[in-house]
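J.: The listed protein sequences correspond, in order, to chains A, B, C and D. Numbering of the first sequence is given in this note's numbering, commencing with residue 1 and proceeding in unit increments. Numbering of the second sequence is given in this note's numbering, commencing with residue 107 and proceeding in unit increments. Numbering of the third sequence is given in this note's numbering, commencing with residue 716 and proceeding in unit increments. Numbering of the fourth sequence is given in this note's numbering, commencing with residue 1190 and proceeding in unit increments.
I should point out that these hints are in silico values taken from the structure, not numbers from a laboratory. All figures in this text were calculated on a predicted structure; none of them were measured in a lab. Hints may contain errors.
To be verified - Using 35 angstroms as the maximum straight-line C-alpha spacing, the simulated DSBU-like pairs for lysine-lysine come out as follows:
hint: 1; chain 1: C; residue 1: 741; chain 2: D; residue 2: 1280
hint: 2; chain 1: D; residue 1: 1233; chain 2: A; residue 2: 94
hint: 3; chain 1: C; residue 1: 1149; chain 2: C; residue 2: 1065
hint: 4; chain 1: A; residue 1: 105; chain 2: C; residue 2: 741
hint: 5; chain 1: C; residue 1: 741; chain 2: B; residue 2: 679
hint: 6; chain 1: D; residue 1: 1233; chain 2: A; residue 2: 105
hint: 7; chain 1: C; residue 1: 1065; chain 2: A; residue 2: 94
hint: 8; chain 1: B; residue 1: 679; chain 2: C; residue 2: 1149
For reference, the chains in residue letters:
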Amino acid sequence: MTNELPQVFWLFSIGAILLLITGFYCLIMTYNLVRALIGLEILTKSVTLFIILAGYVTGRMALAQALAITLIIIEVVVIAVAVGIVLCVYKNIKSIDGRLLRNIKG
Amino acid sequence: MNDSFILLPIAIPFIAGLVVLLISQRIQSVKEAIALLATAATLGLTITLYGENINFSIPWTGFGIDFALRLYHFSAFILVAASAFSFLFVLYSCSFMRDKPYLNQFYSYLLITLAMANGAVLSDNLVLMLFFWEGLMLTMFGMIAIGRPGAYKTAIKAFIIVGGTDLCLMLGIGIAGHLAGTMTISKISLPVDFLGSLAFVFMMIGAISKAGSVPFHTWIPDAAVDAPLPFMAFLPASLEKLLGIYLLARISLDMFKLTAGSWISILLMTIGAITILLAVMMALVQKDYKRLLAYHAISQVGYMILGIGTCLPIGIIGGLFHMINHALYKSCLFLTGGAVEKQTGTTDLAKLGGIGIKMPVTFVCFLIAAASISGVPPFNGFYSKELVYDAALERGTIFYLAAILGTFLTAASFLKLGHAAFLGKRSEQNDNVRETSLPMLVPMIVIAAVCIVFGVWNYLPLNDLIKPILGEERLAGYEFSPNTMLITITVIVLVGALLHHLFAAKVNGSGYKASDHIRHAPFLEVIYTKAEKRWFDPYDIGLKIVQGTSRLGWWIDRGIDWLYEDFAVQVAKGLSSIIKLAHTGSYSMYVVWSLIGVLFVVIMLMKSF
Amino acid sequence: MLSPLLLLPLLAIMILNLPIRSLTQKLSVWVGVGLSLWQIVAVILLATGRGCTDTWGKFFTLGLSCDNLTLVLLMSIGIVTLTTILVGWQTIGGDKQRFGFMNLVFVAMIGMNGTVMLTDLFSLYIFIEVTAVASFILIAYQRDTNALEGAFKYIILSATATVMMLLSISIMLLVVGDTSFAAVGSAVKQSQGNPLVMFAVGIFICGLLIKGGVVPFHGWLPAAYSAAPAAASVLLAGIATKTSGIYALIRLTTSVFANNESVNSVLLLAGTISILVGAFAAIGQSDFKKMLAYSSISQVGYIILALGCGTNLAIIGAVFHLFNHSIFKSLLFVNSAAVETQSGTTDMNKLGGLGTKMPVTNATSLIAFLSTAGVPPLAGFWSKLIIVIALWQNGLHTYATIAVLASVLTLAYLLLMQRRVFFGKVADGLANVKEAGWGITVAASILATITVGVGVLFPWMFNSVLMPISSFLK
Amino acid sequence: MTINIILGVSLVLAAAWTVMTARLLRSVIGLALTSMILTIIMFKLNSPLAAVFELSVCAGLISAIFISCISLTQRLTDEQAATKQKERFSKFWLLPVILVLAGVALYQVHIPLDFHLQAAPSESDVRNIIWNLRHLDLIGQIAILLAGAFGVVALFKD
């Protein structure tokens, strides 16, 4: 197990980095507001994985788990508020297309 | 005397200004009373302080920047002058500014201006001086802005020009302080090497722009129309000249070791000569009382800069004497302009005329001041100009010619102004014009009287006020007896100007009957006939040339104006619209920007590995 | 005295939300005023060395710390929150609405107070997020489409920022094994040559720059500031983003991420670009609040620039400018709130001549803009002067020159604003505009007095108040 | 190790599918799936408590929030979904390419891991850390939950 550690670490790190890329790609390319939030969720997952990994390889599992739990709670609040805002947008303009949210420019 | 008394000339007007601002507009008389009292108190105080030598210093911000004030001959002299003018203007404004809006702001601005000016004059530390200097800029901005509804454009123009030149002053102060290793003015004595001259030029720009020299003058004529009239008489005509020339004199006399042969001296003299000519030509074609005066306010600065630029004691004395004289007669002229405006409701020369009989006191004051500014003996302007001529001739004939030509044109334009405004045919709506009220007359009369006193007994101000500034050593070996030849030339030039005016008036058909007796006067007739025969044609051509150059001057003037007003604005607008276009409002775009930013930061941090 | 700064607002929220709403709804505003005033008093007590024993803190392991930088920030949080509450009192109609608003302000207060007192990277993330969530809701509070747009952009960019910060925290955890400032600080110092650590430092700074709205991370800022309800934009522009972005940056670069050459050069560059882009963008705006938003970007640029300079004097300048900026920018936004509530618009093309109608707003706006533009003797001048002097002394002459020149631009656009809104002819349909209500005018007067007071008293404050700020630089 | 590789690959695949599918509902299901795989990974990495949280909150609560959001907004018809799918593919074809390339490239790299690696068992209890050592974080969480509650009230009222 111990000699596998760097490999495990690097494997999941690659996974997390790819999740990061996926999340940003989604955030940038999509026009749908809900999908943008899904992109954010993927980013959050990537970061959670990073933190757990860091705890795992340094042996500070408890701390890492504590941080991860806090992080999950905070992110769920953020997403809830964001979804609320998206719903309000839908109520106002009957659409969740991000291209319609460009009134404030310049 | 307690040293901290030196703080009072700054504190009294400043506090009074704040108090005035807080008082309700309804109790107008209280405001006026406070303003009058405060300026009177300042005047009395500065007079008692005159002749003292006080160094006052308390620690201030650190970095070797102390709250250092220094009272000596020069600063005390400027203090007295500034306070006296303020007192007279407040007195005058009590009548003039009545029924005008924003009155509360006007008095407080005026008082704070006085406080700032006193502070700038007294400060013995460059940074402290800058502090007051900038404060002055603010009150100036406020004063222009409270004039007419459209005055904001002018105010901003003034602000930009003055702000830009103040930036130069800052730079100059920075360099000078760096070179000298101290910010204390009285300890600075710099040679004029490369960096030194750079510092000098930057500070000079700050000084002469405050004095209103070409090419930093374009806001003054505009302000003349927009701003309240006492402001014009107060700031551009008197106080700013005092300050600007004071600073110029300080830097050229004390801070830098200037010699008569240096290129800076030539530069100053050239600026002076150009200012004289360009502005006076502009003045000649003006059709508005106040605008005409404003251009003269610029033109006369040329003499002061020319005088100081000669770096000869006689020239410096002349420049400084001219400064005080100019403050006197120009403010008197502006005050007559204000009186005319108040009584007739206009300053357009086409609508004026023939009111000299209706307003005799104003007219007489105008005559005295106009004679003074034209350099007619024995009024004060004559003596100071003589000294400047003398110095200019010593340094180069061309400067002398420019100066004497300026005198000629000045005289011509004032003859025109006087003729058009006070003499000639009176239009019907001016039939009911009456002499203006006493509070407005008193300052005019006082100033006009001082003009005569300083002219006839010119050794009084020269010996008691001006000469101590330079000190005994520098004056050793100089005589100040008027040069007979120069006086003769001046007189001839003045007479020429008069003749020109008569002819021009006749040719233009404005019926100036009074010319007849001069035409047949025994001595003048010879010249006059000659003039009609030989001089007239070149004269006409000369007039065309003058008008052509005036036109050219106008274009240069507008060109400089354009540079300030349009070019800079257009560049800023262009950049702004590019940046605005980039902000498309799309959040994904902003995320991309952020990621690019992150990438850039990471590369910058990692490149060392 | 420290933990109450967190716990009292929390307690206030709890009590206010007990099922006795009919009573508490009326009380909420007074509780808010009381809390913010208490915070100001507490800061003064702490600064004079009294009340340092933290009785309540004994029951918790909070790890709070307090130095002069914290005190400055706590002070400005108190002042700006007070004005926000006053403005909200005036501008938000209906007891119920106001009650919700006050609750959110309290949450934001907890977030900000926590941010400035904590000593742990992960806690920093949490409290920044608390402030941010409260801000999202405050922006979207009135649910008009523009406000929702602003809030949504803020959420997206803010989430990007948190991802950066968390990534950095996980790397720190990996390298250091802990997230407290002390541990991370010493580890960073030891592993100067470690590229992974530098990477972590870099992305954390980027996250904070996004939060602080520095170019090119500023995309959310104009939308969020200009679309937020009047009272919320005061809080947001005045202090919320300054605490979560700029304060954290100052704290981390000075005490945790050890003064580092390449970090400094990044900050210098970002600051300069911010100053210029913000100023030029502001010139072209026709919306009052959006101009102020860009102006905010530009002013933050000065702080970042000073921070990048890195000398003690520069950091004093940065902190001083942060304080001044929070005061005068709140003041400008309070004025915009006055204009918005009285005239119903913030479009400067439709405004004009309000100076005679709204004398207090006019006068305070004049003070604020002169202070922003750095005109002596107002507070903004001194902080800019210190920054420029520090830059110059450190040999960064180009940056100093740009900083000076940009203040001319600041003057230009704010002058434009002042002229188009307050001077000139009264615009059509604004003939019946009156001065804003007492809440707004009182708030504006308080802020204006502080700006003028700090400016005038500066020479005497310099050695006694300002220089000691640098004591946290150790 | 093989299991680890399978987990890692499927995590990325699930995330990619989440992003690329046209229907929002499927997208949310994809997100939940990603969450579940992450949960398994966390279990493998000796972090059971966090894994439970991930499963219940992320896979459960967040999916519920998203689904309710989607059901409150307008749904696409099948035709629209079909055209959307094409559109999406034209926009998102790059993603798998990037992912494969980046994955392969990263797999080749061996970063020097000069920090101290150790898979020691947890030094203290998670609950101890959360409840006793990090009170400040608790206060923050309470505050943010309050903010969330106020936000929901403010945004969803009437």
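J.: Each hint: holds or not?
T.: Hint by hint, here is what the structure shows:
1. Proposed proximity of residue 741 of chain C and residue 1280 of chain D is contradicted: the alpha carbons are some 54 angstroms apart, above 35 angstroms.
2. Restraint check: the Cα-Cα separation between residue 1233 of chain D and residue 94 of chain A comes to about 44 angstroms, which exceeds 35 angstroms; the hinted pair is violated.
3. The suggested pairing of residue 1149 of chain C with residue 1065 of chain C holds, with an alpha-carbon distance near 16 angstroms, which does not exceed 35 angstroms.
4. For the given pair, residue 105 of chain A sits about 39 angstroms from residue 741 of chain C by alpha-carbon distance, which is inconsistent with the 35 angstroms threshold.
5. Using a Cα cut-off of 35 angstroms, the hinted pair residue 741 of chain C and residue 679 of chain B is violated, with the two alpha carbons roughly 49 angstroms apart.
6. Restraint check for residue 1233 of chain D and residue 105 of chain A: the C-alpha separation of about 47 angstroms exceeds 35 angstroms, so the hint is violated.
7. For the suggested pair residue 1065 of chain C and residue 94 of chain A, the alpha carbons sit about 30 angstroms apart, so the restraint of at most 35 angstroms is met.
8. Under the criterion of a C-alpha separation no larger than 35 angstroms, the hint pairing residue 679 of chain B with residue 1149 of chain C is consistent with the structure, at around 33 angstroms.
Checked against the numbered hints above, the structure breaks hints 1, 2, 4, 5, 6 and satisfies the rest.
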